Amino acid sequence: MLDFKKGYYADVRIEDRADTHVILRDGKLEECKASRVKRAFLRVYDGKMWYYASTSDTDGLQRELDGLYAAAQKDADVSQDPVVQAFEVNRDTHLRFSENSVCSVPLEEKTAFVREAAAAVTGDEVRLAMVRYIDRHSDYEFYSSKGAALRYDFQTCGVSVAFALAEGENNLTNAYQRADTDFAALRGKVTAAGIKEELAENIAFMKNAKPVEAGEYPVILSPMVAGVFAHESFGHKSEADFMIGDETMKKEWALGSKVGSDILSIYDSGLDLGSGYVPYDDEGTKARKTYLIKNGVLAGRLHSVGTAVELGEQPTGNARAVSCDFEPIVRMTTTVIDAGDLSKEQLFAGVKHGYYIKDLKHGSGMSTFTIAPMLSYEIVDGKLADPVRIAVITGNVFETLALVDGLSNEKEIFSFVTGGCGKMEQLLLNVGFGGPYVRISKMRVQ
Amino acid sequence: MKYEIIKRRETGYSVAVAASRVTSFRKNFNETTTVRVYENGCIGIAGAVGKADIEALKNEAAENLKKGIAYPCSLEGGKVRKDAPKGEIVPADRIVPVFEELLSELAQKAPGYLFGNKINLSYETHTYTNSEGTMYEANGAELVFALTIKDKKSANLMDMVYGKRAFVYDREAVVNEILEMLRAYEDRVPMPQKALPVVVDLGMFSPLLGDFVAEMYGSGAGRMAGKMGQKVFHERLNVLIDREPPYTDRFFDAEGVVNEGGKFYLVKDGVFCGALTTKRSAQLFSLPVSGAAGSTYDGVPGVVFTGLRFGNTAEGRAAAGECIYVSLAEGGDMTTTGDLGIPVQLAFLMKDGKFVGRLPELMLSGNVFDVLGKDFVDVIALADGDQRLVARFGVQKA
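Going down the list, the sequences are from chains F and G. If you're matching positions, the first sequence starts at 5 in this note's numbering and goes up one per residue. If you're matching positions, the second sequence starts at 272 in this note's numbering and goes up one per residue.
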């Protein structure tokens, strides 16, 4: 038991994390490891400033905590501080993955699974094939000086099939990924037929893709790309730490402002099972669903306890750290565009000449939103036509949100085991995203 | 049994900045140990976070040989080099007041702006020893400013970024550099009527540098496929791994490889002449070992870009003459044929090294082989190992 001192707020987060990485490159085993590391992150707040420490010596937590107390200044009234008052005091044990932990699957079985997937990556055009199995199981504990006591877990597993293709002067590098929270379910998702189908599309794309003429065109985003669009175009702008001390931002981002087309609704939720599942955030706040945009109107934003107090709003369970090396900051969990009312066919039928972005390399969003597409296709008279090579598609964020003019009536939510969200010094945070097919009447294509 | 041991100790300090004031102070201490053993053409690895029992790790690594991960064993013997530890850049107990003073000065001199994000200070020691008697120790210390700057009148998340890696703390230089940028930001200038060279960060070429990795090159895919030995770029363009200060403090890579003079050329005088390799990929593709290996504390070595830089051809910003200086460009990429699309969120018109004013948002275009070929102008050296490329791009108002 930790001895929390009076006159300070303090909390301690402990992560007992197990990871597996198996990599097969061109059929040869290149990596095969199972790691387990336990680390802790400690915070002390004295009403003026936060003091943090991280340690792998989880037997010495009291010593670390006392070191932080020594650096801080005691405040007998700290319990009256609005930030301290706003911390939730949850006491719960929520171990969702103890029965199907990936740690109980033998490494040999995971390696055999990789070999099965790798066997499907064949063809004259395949120059390089790297198949990775990655899993993670984390058991968390959280304790605060206000009495919070939590135990919960997180789990993910997935397979990434990366390939480099070449034929003559043509070449292409891409990857196919499937992830789940359950190993058996993942095995059902990763099939030889699925890999071969993906490979065949990429080979055809490499052979036939044409350059585009730069210009402004209607664009349809796949559910995967739409998810990145939601995350990059608006999700980051909804992270309230960007507004601290900034009166202009508070006025510009007043709840109730019109920020997108009437059909557009975007939410973030730590409740959805997948790579953005966060039942409690790293300040012990319980997860909830937060609408960022509802019917085109600014409906909410993402908060830590500190930003919620600063803006006079409620914490949303979005204070997250990428690991126990870092302090929690405001981050997304699973960010999703709500489905609309058009069938996929109706959505495409509305485009005389434009482009369909099926998948992507990366996206980013500041004042200008950018996606670097991979597989992309011309749309002619509402039908998919030739594959095209596009370096980037871009648009002003707010103009683009207002130009969303069609949404399909089914959405998909995606999970991942490679990549992740980067913000400032904290990179590759596990998040999820998704949406329906999204039609935007005009974007710059280059 | 042959073995190698790599140890890394890092002490990091970080202050978080919000609304131009220090809001938190963090101290991290990380210590990792890696043991690799080699036998019968295979590698066995074990690693520990925190205190480590070397003999136990050797036994665990030996056990992991059974996984059958093929890896060549070529350990150099009898080499010894130990670099001196670096001194404190800012005393640990003065970090918060020192940066509070900096932010206070900035808030006073630039009242229309909010400063945010991070200032990080880190000290690292890496050691490499092996069963053949080689023993290396490298010590590094660096101060990294990653400050976002927000115009109080703007509705953007951030309007500028002040990024700087330094080995000494020079408050006056930091303040002056930031204020120069702010003065230029406030003075909007129109798009120049004539075509000007563009100064860009070298990071935008990382998709191309990925094609220099041995596995990609050797596969016959990627943009560099089939080009080894050919003059692909401008004759004054050099690309190299340079593991000497100021580019990196760590003179050896994760496999204990030390290049002659600390350098390994990937492009020499415009000719593609080397790939990024580990000992394994070098053997697999019959390429030279490049000293580009990195690894996690418990993982098999793989290629990293540590110390990768372009060869400088000019000194200081003034060498770029009248030009467009790209300060912030997020989200660009290139197609498989090398066609570039680079959105520029913030660019300045620059004359003789001085910022003249802020240009509208831009879009840069071109082909990477032209930009580094016929359209290449210079690579200019800035302070502390920082560099910028000067080249001709297609420039359009966004």
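Misleading hints may appear alongside valid ones.
Derived DSS-like pairs: lysine-lysine, alpha-carbon spacing no greater than 27 Å straight-line [claimed, not checked]: (1) 338/G - 32/F; (2) 338/G - 52/F; (3) 290/F - 362/F.
Only part of the chain F face toward chain G is listed, based on derived beta-carbon distances under 10 Å [unchecked claim]: (4) 27; (5) 43; (6) 55; (7) 57; (8) 75; (9) 79; (10) 94; (11) 102; (12) 177; (13) 248; (14) 376.
Don't read these hints as lab results, they were simulated from the structure. Note that the structure is a prediction, hence the values are computed from the model and not measured. All C-beta atoms, glycine included, are put in the ideal place defined by N, C-alpha and C.
Structure-based check of each hint:
1. 338/G - 32/F: Roughly 12 Å between the alpha carbons, so the hint for residue 338/G and residue 32/F holds.
2. 338/G - 52/F: violated (53 Å)
3. 290/F - 362/F: violated (35 Å)
4. 27: holds (8 Å)
5. 43: This hint holds: residue 43/F lies near chain G, its Cβ roughly 8 Å from the closest one there, short of 10 Å.
6. 55: holds (6 Å)
7. 57: holds (5 Å)
8. 75: Given a least distance of 7 Å, the restraint on residue 75/F holds.
9. 79: Not OK, violated: residue 79/F not within 10 Å of chain G, min 16 Å.
10. 94: violated (23 Å)
11. 102: Violated: closest Cβ of chain G sits about 24 Å from residue 102/F, beyond 10 Å.
12. 177: Since chain G brings a Cβ to about 6 Å from residue 177/F, closer than 10 Å, the hint holds.
13. 248: Check passed: Cβ of residue 248/F comes within 5 Å of chain G, closer than 10 Å.
14. 376: holds (3 Å)
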